[in-house]
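Undergrad: The task is simple: from the sequences and hints, build the whole structure.
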Amino acid sequence: MTNEIIDQIPACVRFNDEDAQALIRNKDLLLTLEDGLVDGFYDSVYSYDITRAVFTDDERAAREQTLRDWYRRTLNGPFDDSYWQWQTFVGLVHIKRKVNNAMVSGMWGWILTYLVDNALEKMEISEAKLVMKALHALQAAVMALISESYLRNMFVAVDKASGINEPLLMRLVNTEIDDMLTEARKNGVS
Amino acid sequence: MSKQEELNKITKDLRTNVPDITGVMIASNEGLSIASDFAEEDAVRVAAVSAAASGLGNRISQNAALGDPEEVMVKGRDGLLLIYLAGDSGVLAVRAPSRGNLGLVRLEANGAAQEVRKILG
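Taken in order, these protein sequences are the chains called A and B. Mapping to numbering that gives the first Met the number 0: the first sequence position 18 is 17, numbers consecutive. Mapping to numbering that gives the first Met the number 0: the second sequence position 6 is 5, numbers consecutive.
Among these hints, one or two may not hold up.
Label pairs and their calculated CB-CB ranges [said to hold, decoys possible]:
1. Glu69/B x Arg67/A: 51 to 61 Å
2. Asn2/A x Ile59/B: 14 to 24 Å
3. Leu106/B x Val172/A: 56 to 66 Å
In silico SDA-like pairs for lysine to any residue, Cα to Cα no more than 25 Å straight-line [stated by the list, open to error]:
4. Lys159/A x Val45/B
5. Lys159/A x Lys2/B
6. Lys159/A x Ser88/B
7. Lys95/A x Met0/A
8. Lys2/B x Phe37/B
Listing some non-contacts, in silico: residues in chain A with all C-beta distances to chain B over 12 Å [unchecked claim]:
9. Leu111
10. Ala143
11. Glu147
Treat the hints as calculated values from the structure; they're not laboratory data. Virtual Cβ for every residue (Gly too), placed ideally from N, Cα, C.
TA: Right under this line is the structure:
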C-alpha cells in the first residue's frame, strides 16, 4: 500500500534524496527546536475543544514522546521503506483514535510555520530554500500516506466487516455522487 | 453461444418458466450488471445493491455460524428480492410479488444460479 500511495505523487515533486540530505545536513539546528515544537504542537492540540477531545489528559506525555520520536527519526534518516511504512501505519492508528485528516493537515501546517519561523532565518538563503522545499515535500508525502491509508484501510475494514469489496463500494459511491453532483449543479454550485 | 448469450438466455428462461418473476439480474460481485431485464434506469442500482446484499449475507452467515450462504431475501410490502451467490464472481437476483408461488421461484432461481456459477467460473 505504501508504494502504491507514493507512486500517485508525480515523481518530479516527490520527496527525494536531495530533500533527505537537506534535512540531515541541518539536523543539528533543527533538533534544537524539538522541545518548542513538541510543546507548541500539543499546546495547540489541547487548547482546541475538538482536537483535545481526541486525547485524555493523562496521555499527553506519551503523545509528546511519540512526536519527539518521529521528529528525531525524521531528522536522522534514513528515509527507507520502514520509515514510509511507519507513516502509512499512522493512518490506521488515526482511524482507531478518531484523528481525522483535517486535524492532521492543520497540525502539519503548524509544524511548517514553526520551523520556518524558527529555523530558516538562521540559515543562508540558498540553504533555507532547500530545507523549505524538503519540508514541503516531506509534508506532502506523509500527508499522502496518512490520509490515503486512512481511506484505504477504511475500505479494507468495510470489506472485512460487510463483504462489500472496494470496487463494489466505489460503484455504490459513484452512483450516489452522480446524483449529488446533479443536485449541487441544480442548486447553482458549479 | 457466447457467455453473454448464455447469461441472457438464463434471464429469459427464468421469466418464461416462472411467470411470477418480475425481474432478473445477473451481476458481478463488484456490482456491475451483466445480464438483466430490469428497467435500464433501475439496473445500475439493483446490480450494485444485489452484490452488496450478497456480500453482507455472506458475512452474516459466517459470523452467525449459519454455514454456506444459500439465499438472501429482502421482503417489502409490494414484493421481494431473492439474491443468490453464483460462485465467487457473480450474483443472481430475482424479483417476485409477495404472494407469488415462492416455492417455484426459489427452485428455478436456485437452479439458474448454479448455471450462472458454471458460466462465470
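Undergrad: Now, for every hint given, state plainly whether the structure supports it.
TA: Hint check results:
| no. | hint | verdict |
| --- | --- | --- |
| 1 | Glu69/B x Arg67/A: 51 to 61 Å | 56 Å, holds |
| 2 | Asn2/A x Ile59/B: 14 to 24 Å | 35 Å, violated |
| 3 | Leu106/B x Val172/A: 56 to 66 Å | 36 Å, violated |
| 4 | Lys159/A x Val45/B | 22 Å, holds |
| 5 | Lys159/A x Lys2/B | 31 Å, violated |
| 6 | Lys159/A x Ser88/B | 17 Å, holds |
| 7 | Lys95/A x Met0/A | 19 Å, holds |
| 8 | Lys2/B x Phe37/B | 19 Å, holds |
| 9 | Leu111 | 40 Å, holds |
| 10 | Ala143 | 26 Å, holds |
| 11 | Glu147 | 21 Å, holds |
Hints 2, 3 and 5 from the earlier list are contradicted by this structure; the remaining hints agree with it.
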